[in-house]
Every structure is written in structure tokens, then in C-alpha cells.
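Residue numbers (the numbering used here), protein chains in the order written: chain A, 1 to 385; chain B, 1 to 385; chain C, 1 to 182; chain D, 1 to 182; chain E, 1 to 96; chain F, 1 to 96; chain G, 1 to 283; chain H, 1 to 283.
For the record, the hints were derived by calculation from the structure and aren't laboratory data. Be careful, since some hints might not be right.
[What the hints assert, rightly or not] Each computed DSBU-like pair below joins lysine-lysine, with the alpha-carbon atoms no more than 30 Å apart: (1) D:K3 - A:K299; (2) D:K150 - D:K3; (3) B:K299 - C:K32; (4) A:K307 - D:K3; (5) A:K213 - H:K70; (6) A:K370 - A:K299; (7) D:K109 - A:K370; (8) D:K101 - E:K51; (9) C:K101 - F:K51.
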Amino acid sequence: MPDNGCLTGEFFMNGDNACAEGAISAGCRFFAGYPITPATEIAERMSRRLPVVGGTYIQMEDEIASMAAILGASWAGVKAMTSTSGPGFSLMMENIGLGIMLETPCVVVNIQRAGPSTGLPTLIGQQDIMQARWGSHGSYEIIALSPDSPQQMFDLTIKAFNLSEKYRLPVLIMSDEVVGHMSEKVVMPEIRTEDLFYREMPQKGAAGYLPYKTNGSLVPPMAIAGQGHHFHVTGLTHDERGYPVMTSRAQDQLITRLVDKIRLNADDIIMCNDYMMEGAEIVVVAYGITARIAQFAVKQAREQGIKAGCLQLVTLWPFAERRIGQLASQVKAFVVPEINRGQIVYEVERCACGRARTLLVPHSGGEVHKPAIISAAIRECHADR
Amino acid sequence: MPDNGCLTGEFFMNGDNACAEGAISAGCRFFAGYPITPATEIAERMSRRLPVVGGTYIQMEDEIASMAAILGASWAGVKAMTSTSGPGFSLMMENIGLGIMLETPCVVVNIQRAGPSTGLPTLIGQQDIMQARWGSHGSYEIIALSPDSPQQMFDLTIKAFNLSEKYRLPVLIMSDEVVGHMSEKVVMPEIRTEDLFYREMPQKGAAGYLPYKTNGSLVPPMAIAGQGHHFHVTGLTHDERGYPVMTSRAQDQLITRLVDKIRLNADDIIMCNDYMMEGAEIVVVAYGITARIAQFAVKQAREQGIKAGCLQLVTLWPFAERRIGQLASQVKAFVVPEINRGQIVYEVERCACGRARTLLVPHSGGEVHKPAIISAAIRECHADR
Amino acid sequence: MSKTEIRLAGFGGQGIVLLGNIIGKAASIYNKQYAALTQSYGPESRGGSCRAEVIISGAPIEYPYISNPQIQVILSQEAYNEFGANAPEGTLLLVDAELVKMDKPPAAKTFTIPASRIAQEMGRSVVANIIMLGFFSAHSDVVSHEALEKSVVDFIPAGSEAFNMKAFETGYNYSKKKHGPA
Amino acid sequence: MSKTEIRLAGFGGQGIVLLGNIIGKAASIYNKQYAALTQSYGPESRGGSCRAEVIISGAPIEYPYISNPQIQVILSQEAYNEFGANAPEGTLLLVDAELVKMDKPPAAKTFTIPASRIAQEMGRSVVANIIMLGFFSAHSDVVSHEALEKSVVDFIPAGSEAFNMKAFETGYNYSKKKHGPA
Amino acid sequence: MKLWRTPFDRNPDAEPLGYIHIDKIRCKGCGFCAEYCPREVLHMGAELNYKGYKLAAIKDESKCLACGYCELICPEFAITLILNSNANKSEEKHPV
Amino acid sequence: MKLWRTPFDRNPDAEPLGYIHIDKIRCKGCGFCAEYCPREVLHMGAELNYKGYKLAAIKDESKCLACGYCELICPEFAITLILNSNANKSEEKHPV
Amino acid sequence: MQIDDVTSYERSIAKYLRQDRLPHIWCAGCGIGPVLNCFLRAIDSAELNPDLVSVVSGIGCSGRVAGYVKLDSFHTTHGRAIPFATGLKLANPQLKTVVFSGDGDLVAIGGNHLIHAARRNIDMTVICINNFTYGMTGGQVGPTAPLDVRTATTPYGNFEPPFNLPWLLHASGASYIARWTVLHLHQLELTIVEALRRPGFSFIEVISPCPAIYGRMNKEPEGLDSLRNYIKRSVIKHGAGPRETAIDHKGPIVVGKFLDIDQPTLQDHLIGVAAKAKKPVKK
Amino acid sequence: MQIDDVTSYERSIAKYLRQDRLPHIWCAGCGIGPVLNCFLRAIDSAELNPDLVSVVSGIGCSGRVAGYVKLDSFHTTHGRAIPFATGLKLANPQLKTVVFSGDGDLVAIGGNHLIHAARRNIDMTVICINNFTYGMTGGQVGPTAPLDVRTATTPYGNFEPPFNLPWLLHASGASYIARWTVLHLHQLELTIVEALRRPGFSFIEVISPCPAIYGRMNKEPEGLDSLRNYIKRSVIKHGAGPRETAIDHKGPIVVGKFLDIDQPTLQDHLIGVAAKAKKPVKK
Ligand SMILES: Cc1ncc(C[n+]2csc(CCOP(=O)(O)OP(=O)(O)O)c2C)c(N)n1
Ligand SMILES: Cc1ncc(C[n+]2csc(CCOP(=O)(O)OP(=O)(O)O)c2C)c(N)n1
Ligand code: SF4
Ligand code: SF4
Ligand code: SF4
Ligand code: SF4
Ligand code: SF4
Ligand code: SF4
Ligand SMILES: [Mg+2]
Ligand SMILES: [Mg+2]
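Excised from the complex, chain A in its bound form (with noise of 0.2 Å):
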């Protein structure tokens, strides 16, 4: 372990282990948190690993609490996360709300496991993906990410933080149980300076500050408590100035600015992975854990010379949708398996424009899709007309 606390080097770890040391690796010097089935691990490994590296770790008494914590310590200038599973993800959606429209950066992870309620604590489902985009109230646009192994649990979590320093906003990190809990290899490469993204900060006790004036960029440079701007930030709709503005006009402004941030800055933001993608007539749309297993089926299929191929979601939201339209161009259909009742396929379907046949392959959850399930849908497609 180098001097500065992050682990570098080979690995065997589960998911959500490789999570926290992503986390650490960020730069992520707080988590406030509440434990649940099946993310308590990243909270376990953060309270013995903060201390170490001089961070902060704090279980709050519930997680609503501990989404309002990482906001207020993001605002002390130090990258927070927190972690949890559909339960407590719900409850956090209020706070995710105020994360937004007070532009915080910050990190939320939400280990899915079967729903609705309480479920199946301990196994997994995909069922909060839409949740992640809607389920706080108002207008917003979000930034969720899918790992699909406890490697990309890592590499993401760092790209997490990035992200939400860079675009302001807690990012939410979409994994499920069964990458949280399986073990595999895990590199971690030193983290250099430039691999890392900070939020863009005023001078210090720079008079004149405002906290959301933008300077032509979408994004404005952030204030921290105790560095003297003296500034004021509120979950009102506000003006530049921070200030509470009631009207429709102050309204259009922030909100507009809010979507924009994300929307027009998308291609920066969306991370697909082409999965034997070449000539693919049939592409299975597929994100998460899912996203293995229909690698294996598309591989199964490519052996019996079906044109499959894998698009996986490695960015969940914003949605990729151009690529999704440019696909159902060329495309004879689009299988999408999830583990939920159907969630994204409903974007896959809109996006798709009715150009290429979608077809979900649904899963009520508790385990993964059988790879037969896919091959027969991915053969089901081939077949058709």
C-alpha cells in the first residue's frame, strides 16, 4: 500500500469491497451510512478504512439521514458517499432531490436486491433502474452507472466521482447483489493526480462570489463552507445569487440549466460496451450482472451462426439513446433482459422508434436469467419474418 492509503495491485474481492477502494481511491474521504442487505459490506470496509486514510466514516440513524450528511460534507469541500439497497434508496430519494438542485456533488450507491418492499433481502433484482431516473419529485436529470464485476465496481466508482465533481450532482452507482457479493480479481492501478477530477472552486474569500453563475459553462464553480464567500444555497428555486426567486421565470432558468447540464453534455457522459457488436443483426440490450450473461448467449449464438451481439450499458442514465436510434436502423431486433418486470426496454422501445422489434426478456428476479432464456430469445428474433 502506497503512503497515501490506496491499494494498488491485484486483488481477489467481492463487488462491493471493490467499491469502497474505488471510493478511496477517488479521494472519497467521508461515507455516512446505514446498513442493508446487500451493501452493508461497503459500509463495513469504508469504517475500517477511513480512519486510516484520515477520513470520516459515520453511521447515521437512517438513510435519510446519511444522504443529508455526504450532501453537507460534500459542502465542506470533502468527496462523500454513501451506499444502500432499495429500501433505503427510496428513502433517500428526497434528499437525492435537494443534491440536485443544491448541485452537490456526491456518490450513491444502491446494491439492488428484489423488490417490491422488503423482498428478497438477499438476492438480486435490477428493479430500481427507473426509480433511479424518477424517483425523486420535480424536474431533473440524473447520471447512473451499471458495473458488471467487482472490477468495474471499482473503475466506475472512481469515474463516479468524477463525474459528479465534474457536473455537479450525486451520481448514482446501479449495481446489484450479485456483483456486491461475487469475488473476483480486482486491479488497482496507482491513481495519478490527472485521473481524478475536482469540482471547479472559486478563490478563497472571493469577493462577489455567486454561487450559481455560471460563466457561459452549464456548470458553476463551487463555494466551500468555511473558506469565507459567506454564500448562501437553498432547495428553493434560486438565482445566481443563491437566492430564493419565486416565479416561473427563476424557475425555467435553473431547471432548463439542470436538464441542460446533463443533456447536452451526454456523449461525455455515456460509456456503452460492444459486446461481438460487428454485424450484429440481433443486439441484446443488457446492463449489470445481466450483461454477462447475455455475453454468454450472444457467444453461444455467434457459434451457431447467429449475428448476435451485446450493447452493454455501462452508462444506464442519461440513456444512449442515439446509439439505441442509430442500432434500430441497422438492426433486425433488440432482446432486452432485466431482472424487473421491464424497465429500460421501455427506452430501448422508444428510442427504437418501431425501426427494429424489442423484446424484453423479463425476470421477477432472485436470480440471474438462465443463459437459455436469452439464447431463446435472441433465436426467437433471428427466426422472425
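We have chain A already, so just place chains B, C, D, E, F, G and H with the ligands on it with the hints.
Using the frame of chain A, we list chains B, C, D, E, F, G and H with the ligands on its own:
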């Protein structure tokens, strides 16, 4: 006022009050809530009215408790309601999920204001539409209604109770600040027993009662506390006995039924109002107060010789998928004005499937659309090609 | 189809929303017209400015907001500055003379009454709005006098009917006295 | 591409997940193979049944679950009844003879060791799993002996290396003694 | 600290006041019953059940006072105390 | 109950210790200052401001002790106490 | 020997236990079982009509109790058993509502509901299994965990001072407060009977071992280790004051009945509301 | 007369007040303004570096305070000021964190955070404007509203017993507890100074009029009516015990400093954790 304490006759009343009276007329005898603009008047009226009709009003410590309390009350056999706005709605999400899982009839009213976060507390938004569908973790379906006037507030509140009793789930009334606060004439008819739906119940003390055994229908009869059934219910995945079963098979059986009881009954549930739809080429799809503005614009368009019509979504969820799909083959374009940055429009676009243009007329909130903006969109679509 | 837009504006505590309700109910329930009342809400309105707006129409009202009110009832200087002063010709402006100073005569047809002073003189300053309503009734027949009377009774605390009716008639008669029959 | 599936099954508290981790790490870090470890979690597993499953492969592992394990290590009667008893021919079954009664010989190639008793005799019953690991190493070369040794050291509390190595060798040698070189 | 309500001075030669039944499927070998039986009627035996738990067993039932404490403290609802209806009925039985 | 820290026994003929400025835009006429000024320097006048609030006004500034209570209690931050630097400086001033 | 002579067990609790769900999920040596045993006996001892008893639990090992009682029983969401039970009780005041849950559920995430229910003095009995930790999720620190203890999230020792629950509940407004350990079973049963009969809000804290997790990390790997510890440390002191009921890592555990007072319940107050509401309101 | 001789007001608070936002939104006769005034004076009196003072508010009329202070200030969500401030403080222990909010915000929806923050004894000062109601939303009953009072949601009189906040906070673990009314401004200022200086969790309750809503419904339609009432009813009693600090509809309002003790803060405990964490852990 007749003996039963329900109002009948004609009243000049705002939407919030009409909602409360609708609840009383529907037989609601328990209300737990927490004040929030612009929904507070519902709670206030309930606090005055319920004791008169032998019901109970309680102000809980927060919205989470309010939601939990109405679930409890429903299991005591009493029709129960809560009301809130965005921030409180976000907080209720976890326990709405519990309501779904336990299959608990109750009504949740959201008088929408502009968000995200605290936003514009006293001004309109229609920004929680997708949240209504997706706001709780896990896979489920929901029913959500959208009134356009105090009269519909009254009528749809009764309808909401009926649907919730029939399908055993929380039914959402997704209203907005303008409808909640504006006053108009409300006609309250005498409600007869046959106008109201009551949950099917097992015989009092019936031996061998299984809480989630359905007898072929998708909705099991519901025992209530204190009748000698000694039943158990849990938010965990469960079998017919209500016992937790931690398998993906049990999950699939349960979730499939929870989803199907709404999906397969969509035609029974969905209500749309047609306005000048005869021969319409441009269809404005709108809901809540916006439906009225849209109708205003449609009337103007017709006067200008444009074949416009308005499809008012009285039921938001389940979405009027089939209707939009049918219309898509007949019309030139859908115009979708929403007081948000795009929500229902995604569903319209998906269902239109490329067969008709879909044009969003977004509004960030704080006021309703100027009719001219909707008119302009209609004209734009009319001029197309 | 006939459609009248009315704005009532002043500050919190003057009973402006109540006035809106009385007019709206009178029109919709007793006169069988369509009526829609909207108002400005919020903490900012507490003690500060306050507004109620009524549309009365012979046909269903789709768009519930007013754009060019034919009638404005102005109960504060602020409201006058914002709305009353610019009321166009051909519209009706009713102003509490006690609360508003008008620098130059507005373009609108303007009538004033010191409603709040009269109310104080009557011993209950809360009835200023009802006095104003009587004055309104004298100057506009968009709602019938009888309908307004009935509606007033519906909204006021039981036991205060006589006093409020007196206030209502006082406002009505003030106009009659000053301007003759409307 | 070579791919081996391993199931480790018993009850909570036996250190089964630890075994999975040791094997997984040995394979992936020290032997440079691909390895994926999954396990059954949950309150029901506490004190009750417990399972860890490892896939070791020369190529990336997409589907991380096992279907037909070539090797099963069985540490409880329940696990034996559910899995071990039906292990098909051609697979390897390693059983703690102290904890499992086998009614009829299974189809699989089966070796037994009273690991828990040996551990007790060594004075630290917690090392039963490491003894079993040594036994495993003797019967399978899916992971190298050296890799397993290194991996054991990585996972055990500092200071207990010697004792654990002794346990590991004990298990290994038990087999050598009983069956000769694998 | 008083944990039991028992007639400790009871004649040790009298017929046992109760019999103890231990459900071997349910017992998880926690040892509570054996440790807190006031008369050492129970002890932890050597037998393991199918889940691998060491079972509680009866050492000397004759001493049983039928105090019911073992039944009450067993976390597994594994112990059933059967009152001996023949045992000197005159001796007062405390209510359980 | 003690609300003020004031040298009540001060010579009433001395120059006032402070002057009071009332911001007429901010004042909402709550009357706190007038009611709790220990020397009745302030009272509620008849003037209304543009929002219709009845304004606080100065009745007799000469009595002002510069105790600062009016400034402190004014909910609107509408009162400014200006210390009279000429007033007999020898008299001890309490810290505000 | 045959089990036909009906026994105390059969008589008193078998009918209230979902035997079809045994063995239960709790670990060997867990203290929840004995508490449940006492509670089920108390139903008869308090002469309640079991048809009218509802048991509501949150989420946690302790929260699983609702699933083992053959009564109307509700396994709700984490922390929300009390508001759920509040709705149940207010909608049907005839019901006897018992909330059975853990320290994390009732005092961490559910702490607000706990103090507000006590404030309202709603007629409800809350039985809190205090094992100083979140057993279900693997032994993280909880709001009653003494300073310095090891848990899964306090590897360097707990750094947050714990609540003194009897004091908190007293200050919140409860009518009945008691504490026992899982060894004080007869006392516990009597206390539950009293609590069930006392109108208003009653709170019973039961100190209980979690050997599998908390114990393992704190040198009490067996339930018996904890029980022996309780014998050493517990001191019965009825009516003990707020300062005496704090629990630290090593010191005495004061048990007993701390409060039992008569004060108007929420229902009492609501009867007044109903009376005043008789005359119809204006629209 | 010219305002050039710098005044007390100018000297002490003008620099901390966002004058560009005045007049503020509070109603005529509302008590929040004077409390804010005291707080701003206290910053200098306590000799704090204003750069290091952060003010965090929730939602409510009282919660608007954050918007009027020219300090780093956060207007968060309803009830969540304390956990937000907790994150702020823990991430930068140099900051002086002050939470300024209302009874509904801090004690109703935020009650759990309040008691947990007190339990942790985190270094934070909480100023609670208790106007017995939810002013911002139009005067509904709150958890401190005395029995029988009229509010927008208790048209037949309040039927829920209220909290006794000093007692609740004491039982939760706070280090410093005081209560004043908006009339006791000098005392309040001194108290705020003490609280800001006292390491650990300090809680100051200020009884404050809400004439526009609560007062109007309870025969105190003017702020002055309430203030006169406070003069009549308030009794200074430092160190008053838990039974004395309850407030009912008509009886005495006991004010004063009730608690001021030295006990290790959360930060003190965390320093220990950091020390123990020095040796790197195993992966
Ligand atoms: C909203 C939410 N957050 C977290 C969890 C995870 N969770 C389940 S049980 C539990 C703690 C239980 O602790 P306690 O109530 O003390 O019960 P015990 O298991 O110790 O008996 C937690 C945090 C959850 N189910 N829901
Ligand atoms: C989650 C949520 N619920 C409800 C509200 C509505 N709300 C705003 S302020 C408030 C109460 C404020 O009361 P208090 O804290 O006592 O402040 P006051 O206005 O009395 O000063 C409520 C319920 C909200 N903003 N957010
Ligand atoms: S009843 Fe049980 S505890 Fe009591 S003496 Fe008999 S065996 Fe021992
Ligand atoms: S108390 Fe029960 S579980 Fe424990 S050893 Fe005795 S019989 Fe077995
Ligand atoms: S400072 Fe203000 S309160 Fe004090 S005497 Fe002068 S005017 Fe009166
Ligand atoms: S205290 Fe302030 S607001 Fe009140 S009357 Fe005096 S100057 Fe005006
Ligand atoms: S984890 Fe602890 S509390 Fe949960 S069942 Fe096991 S011993 Fe009991
Ligand atoms: S409503 Fe009440 S608390 Fe709010 S500003 Fe007005 S007087 Fe103050
Ligand atoms: Mg616990
Ligand atoms: Mg308040």
C-alpha cells in the same frame, strides 16, 4: 347534509376540499397526514370533517409515518387516505411499496408543486408523474388518476377508493396546485351503496383462510385485524399463506400476479376523456389542469380549421397504451404539453412507435402553459410535411 | 359567450380570498353561471400582497386564469400601483379610497369608497371587504345582488348575519348615494 | 477452454466462504487463472446451511454460477443430502467423515477425512476448513499447492500462519497417507 | 438475583413432578436449559442433530421440579414440560 | 422578570444617549419597540407605510438611554440606534 | 413417555405459535425466542382475547417475531412498525396492538416514531429486543451499543455514546417502562402482562444476546456467555432513576420496572374530540 | 440626524445580515427576527471567526433564517438540517455549525435526527424557534402545541400531549440546554454565546409568537398579545428539573439555563478512532 354526514348538493369549493369531501363520500374514515403546501387544505378539512362522521384524523410526525399509518388503518378494515406534495411523496415511496406488497387498499393524494427539492412550494408542477409509476424500489404496477377540476377531484377520489378496494393497492391521485387551489362548482350526488366498492373479505373467523390465496381471480380476499383469522402478512416475498419464501420461484409467482392484476385489468381501470376527437389529425395528449388548457387551444385550432383534438388522460397509470397505439395509426401527430421537462411524452412516443410524430411542449413549472404555446405546437404539427 | 374577469387585490388579512369565494359562489351556485376562482398563495402573501381572481362565464371555463379583467377591486397602494394604475379604458376600477392614493386619474372608470374607514366607524374593521362587496354590487351586475347576499350569509360566522348584511347594504348604498343607480 | 466448478457446502460458522476466498484468490492472483466466487447469503444461512461456489477458468467467466461442479467439498449432513448424494460419476466428492453419514456409496469418486475431529485434536476446531483445504489440494490440482499456501496466509489472522500451515499439511498428508499421491 | 420460582426444599425422593421432552430437530444446542435448570435435570450430551448442533439431553429426570424454566428459556421452543399428574398432588404447584 | 439592562436612575435632563432611526419601509407596525422601550421614547404613530402597516414613531427621543432593546427586539431590523458620542461620556455604557 | 398429558407449554403457547414455521431462523443461543415465549404466555395471563391482539414488527431478527405468532400479525418496513400500529389502533380502538422489534428498528431508523408514540401516549405495548446491534444485517453498531464495543462498523471501538432508553422513553411521555434481560423470564412475563393491561404507551426493553454477531465480536461467542454476564451484571431496582439506567460496556445493568403511571391516553383525548364534533360544520 | 456615527446595530449585526433581502418574509409581530438579531450579535460576542460559522436550516418560517444571514448558509429539506450539518461538521471539524429552525422541522419530521445528534454529543448548536405550530404551512398542530389549543388541524382542540423539549434533549444526551422567550433577549444572547462556546451538543428553545396563524386562532392575534402573555407567564429558573419545564396552555413558562455540562464530544471520541486506525488493515 344527510344523516350519514356526507355532503350532497352544489358547492363552490376548491379542489383540495372537494378531494376531502370525495373521500368522506367514498367512506374514508381514517386520515393520517402531514402538512405541506399545496395539499394542506385536504388534511385541514379532514381534521374538521372526520370527527363529525365518526372517523379519525391524526397528524403524524412525518409523511413516512402517515403512509404507514394509513396502511395500518386499512388492515383494521377502515378506508384510509393521506395527502401530500412532492417532498412528502418522495418520503412515502418506501411504504407505498409496502402497500403494494401487502396489497393494501388506500388512497394517496399528491397535489403537485414545482420541484425538484423544495422548488416552488406554492406554485404548480406536474413533475411527479413518472415518480408515481417508478418511485418505489422493486417491480410493481400502480394506479394513478389525474383530475382536472374540483369536480373531478371529488369524483376521482371516490373512483380511487373504489379501485383501491377492488384491486387491493394504494391508488394515487396525481393532482396539481392549480386544481387543488382553484374553486369552482362541485356537485356532490348522494352516494348509494352500489356506487362504492368494498374489498372482498373472508368470512369472519373462517378457518383455513390464506391471506394470498386468490381462487382464480388475481385479487385475494382480504382479512382484517380482529376477526379471528390470525393471519400473517409481510413485506418479504411470500406465498399464499403470507409466509416469507426466499426463492426466485415465489418471487416470480407473487410479482407476476401483482403486475398482472393491473396489466390484465387495464381496460377496466383506464379512463380517457375525448375532446373534439372526431376526425382529429393532431391530438393533444394532456392531463390534470393542462388538459383544460389544451382543450382551450384545441377549440381555437378547430376554429382555425385545424383538425385538432384532445385526449385527456384521466388515468395516468396504467398508461393508455392501447389507445395511443391505435391513434398513432390514425393521426398525424401527438402534442404533449406537460408542466415538466418531459415525462408522459416518453410513453406517448414509445406507444406511437414512429407512426405519428410526438411533440413535447415542456414547461418548467410555476404556472400553467399559455394556451398560445400549445396552439403554436398544434400549428407546427399541422404544417408538417 | 359572456365572460367576465374580476381581480380583487390588496394585502393579507383583508379577506380578499373570502370576497372571491363569495362572488364565485354567488355566480356559480345561485346564478347558475360558470365561475372559477384562483388566488395567489404562499408565505410571501402573508401580510404582504394578496390576490384573488374570478372568471364568470356562461360557458365552461377551460383556462382558469384572467388576462384582461373587466373589473378590478383594489384594496392597497401596492395593488393599485401594480394593477389599478394601468387598468385600461372601458374597464371598471373599484378602490378603497382610504388605503390608496391615486396620483393621476386612471384610464378605467373608477369609483372609490373609504370602505376600511366606514368599517372602523361601524366598529368592526373586518367587514371592510363586505362593504366593498356591496359597493361592487352597486357597480356591476355580473352577479345578482340577491345571489351575493345569499352567498355572504353562507360564508360568514353564524350570528353575524345582520351585521354583515348591514355592511353589505352600507357599501351598496354608499354608491347609490354618491353615484345614483348604476 | 478449461473450466472447473467447485462447490463448498456445509453450515454457517465452518469457514466455508473463507475457503472459497482462499481457493479463488489462489487461482486468480497466484495462478493467473480467472476465478469467480459466489455464495449463498442471508439470515437463513446463519447457523443454517451455507454454500460457496467457485469457478476457475482459463478464459473470462461471463456466467458466474456453477451448474455441474466437478468438485464438491461437503461439510454437513444436510449438504450431503442435498448435493453430495447425487454427485454424478466422474466428479470428485470430498467429505468430512465426522459430520456426514453416507448411506450408500455415491456415484462420484469420494474421499473422506474427519477434518473436524482432527482439528479438535489439534486443539483449534476452527482450522477444520484449512485441514479440508489441504485434503482438497491433495486430490485436485485445479489450483497449485503453492498458490493455496500463499492464499491461506493472506486470509488468516497474523500470527497464526504456522498453525494453519500445519493444518493445511495435515489435511494434505492425511490423503497422501490414505490414498497415496493423487 | 432470583431467576426461578421453585420449591427447592422438595423431598428429593418423591416422584418427579414433570417429564421433559426435547425436540431434537429444533434444539440448537445453546445450553440454556442445562445451565439454568435449578436441579441439573438436563445437560449437554454428545449427540449431534442433522444440522450439526450438539443436543441437550436429560441427565436425571427424577429431580425435575416442573418449574418450567427450561421450557420458558429454550429459544427454540424445543422443550416441552409434561406435568406428572401422579406426582404427589398435594404439593402446591405454582402457576406457570 | 428583568428584560432590560438600563441605568434607569440616569439624570433625565442629560443629553440623550442615543438617537433612534426607524426604517419606514421595513417597519411592519408590530409595536414591540414602543411597548418595551423602558423610557417610552417610542410609540405607534398614525402614519401608514406603502404596504399599509402602521408605523412606529419617536415620541420623545431625549429620554433615550441607548439601551438598545428596541433595536434588538425589532423583528424587522427596522430600528437603528445611533449612539450619541457627545452625551456625557463619563456615564458607563453597558456593552450591547 | 408420551406427550399426551397436556403440558404447560401446550396449554399456554402452542396455540399462539406458528409451529409450521419452526425451526425459526434465529441463531443458536439467540435471546429472541425466550422473549417471544414470555409474550405468548402473557396473552393468556393478561386474559386478552387473542382475536383482538395484533402484533406488528419492523425489520430485523427481532422483527421476525410477527412471523411466528399465530395472531393477526404484520411484518412491515424497517422502523415503521409503530406508525403502522398507530393506524391499526386508531382505526379500531378495540385492538390490542403490540409492537415487537429490535433496537435498530425501533430506536435508530424508527426513533422518531417511538418518541412520538410515547408522547401521544397511544395505547400500545412496545417490546424492544435490545441486543446492542443490528443482528439481521451482520452486527453493525446501533444506537444502544455501549462506547468502545467492537461491531462490524466500529472496528476501532464504538465512538458514539448510546441512548439510555428508559430515560428517553420517560422524557417522551410513556406511561409504563420496564427493562429485563432474557434471564428474568418470570419477571418479564409479569411485566408484559402489566404493560398489556396498562392503558397508554408501554415500553419494555429486553437485554438479549446476539451471540452469532455481536457476541462473537465482543468475547461472548455463545449465548451462554452473555447470559452469564447478565447474571453478574444485572441489578434489580424498581423505580430506578434516569442516571441509573444507562448501560455501559462493563458496569451494572439495572433492570426492573421503572415507571407505571396513570395518565390520559390518546384515545381518552380523542373521545373528547368526537364529543365536540357533534354539531355539523359549515361548508 | 445622520447615521454616520457607527451604531451598535451597524457594528454588530449589519455585516452578518443579507440586507439586500430585507424586508424579510416574516409576518408583522413574528418573533423570529429578534432571535436572529440575538444570534448575529452572539457571533461577535462569542468571538467566532465568521468565516468558519455555517448556518443550516430546514424548511419553515424559522427555517428561512439561513437565507438572511450573510454567512455560509444552507437552506436544506424539511427536517434534515441536523444530518446535513452533521456531515458538514464531521467533514470539517473546524466549522462552527449552527442549526436554526422551527419546532415542526426539528421535532416533528426531524425529531429522530435531533435526539440522535444529542446522543452523539456532536459539537453543534441548535436554536429551535418554538411557536407551537407549523407557521409556514398555515398553522397546523405541532408536537409542542399544548393540549386543547386550536390550530388549523385541531378545530376541536389539540388532543395530543406535547413534548417537553428540555427534558427530551436532556434524556437524549445534550450538553447544554436553555429556554427563553423572545422577550428575554439579553439572556438569549448570552445563552447563545455560551452554547456556541460549549463543546458538544447545545440546544436552545425560544418561545416565539406566530401571531398571523397560531396567535390568531388562540386569542393572541397580535405579536404583542403573545409577548404580554410571556411576561405574565414566564418564570426564570436556572437548572429547572424535567417536571418543571413542561408547557401547557395557560400555566407558567419556565425559562432559563437548564443544563450545561462537560462531557466528551463525538469529535473527542473520533480522535481516539483515528489514533487506533494508524496501522494498515489486511485486505
Ligand atoms: C429502510 C431499510 N434500511 C435498512 C434495512 C436493513 N436492515 C434490516 S434489519 C436491520 C437492523 C435490524 O436491527 P435491529 O432492529 O436491532 O434487529 P436485530 O436484527 O438486531 O434483532 C437493518 C438495518 C432495511 N430492511 N430497510
Ligand atoms: C417533506 C416535507 N414535508 C412537509 C413540508 C411542508 N412544510 C414546510 S414548513 C413546514 C412546517 C414548519 O414548521 P416549523 O418548523 O415549526 O416552522 P415555522 O414555520 O413554524 O417557523 C412544513 C410541514 C415540506 N416542505 N417538506
Ligand atoms: S422444569 Fe426444566 S428447569 Fe425446571 S427442574 Fe425440570 S428440567 Fe429443570
Ligand atoms: S435450551 Fe433448547 S435449544 Fe438450547 S440446548 Fe436446551 S433444548 Fe436445545
Ligand atoms: S434604545 Fe430604544 S428601547 Fe432603549 S431607551 Fe432608547 S428608544 Fe428606548
Ligand atoms: S419593532 Fe420594528 S417593526 Fe415593530 S413597530 Fe417597532 S420599528 Fe416597527
Ligand atoms: S444474528 Fe444475532 S439477533 Fe439475529 S438471530 Fe442471530 S443471534 Fe439472534
Ligand atoms: S406565519 Fe407565524 S411563524 Fe411564520 S412568519 Fe408569520 S408569524 Fe412568523
Ligand atoms: Mg438489534
Ligand atoms: Mg413552528
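Against the structure, the hints:
Restraint check for D:K3 and A:K299: the C-alpha separation of about 16 Å stays at or below 30 Å, so the hint holds. Of the supplied pair hints, the one linking D:K150 and D:K3 holds, its CA atoms being roughly 22 Å apart against a limit of 30 Å. For the given pair, B:K299 sits about 23 Å from C:K32 by alpha-carbon distance, which is consistent with the 30 Å threshold. At roughly 26 Å between alpha-carbon atoms, A:K307 and D:K3 fall within 30 Å of each other, so this suggested pair holds.
Of the supplied pair hints, the one linking A:K213 and H:K70 holds, its CA atoms being roughly 18 Å apart against a limit of 30 Å. Taken as a hint, the A:K370 and A:K299 pair is honoured in the structure, with Cα atoms around 14 Å apart against an allowance of 30 Å. Annotation: proposed proximity of D:K109 to A:K370 holds, straight-line Cα distance about 29 Å (limit 30 Å). For the hint pairing D:K101 with E:K51, the CA-to-CA distance comes to about 12 Å; that is within 30 Å, so the pair holds.
Distance restraint check for C:K101 and F:K51: the Cα-Cα separation of roughly 12 Å lies within the 30 Å cut-off, and the hinted pair is therefore satisfied.
Of the numbered hints stated above, none is contradicted by the structure.
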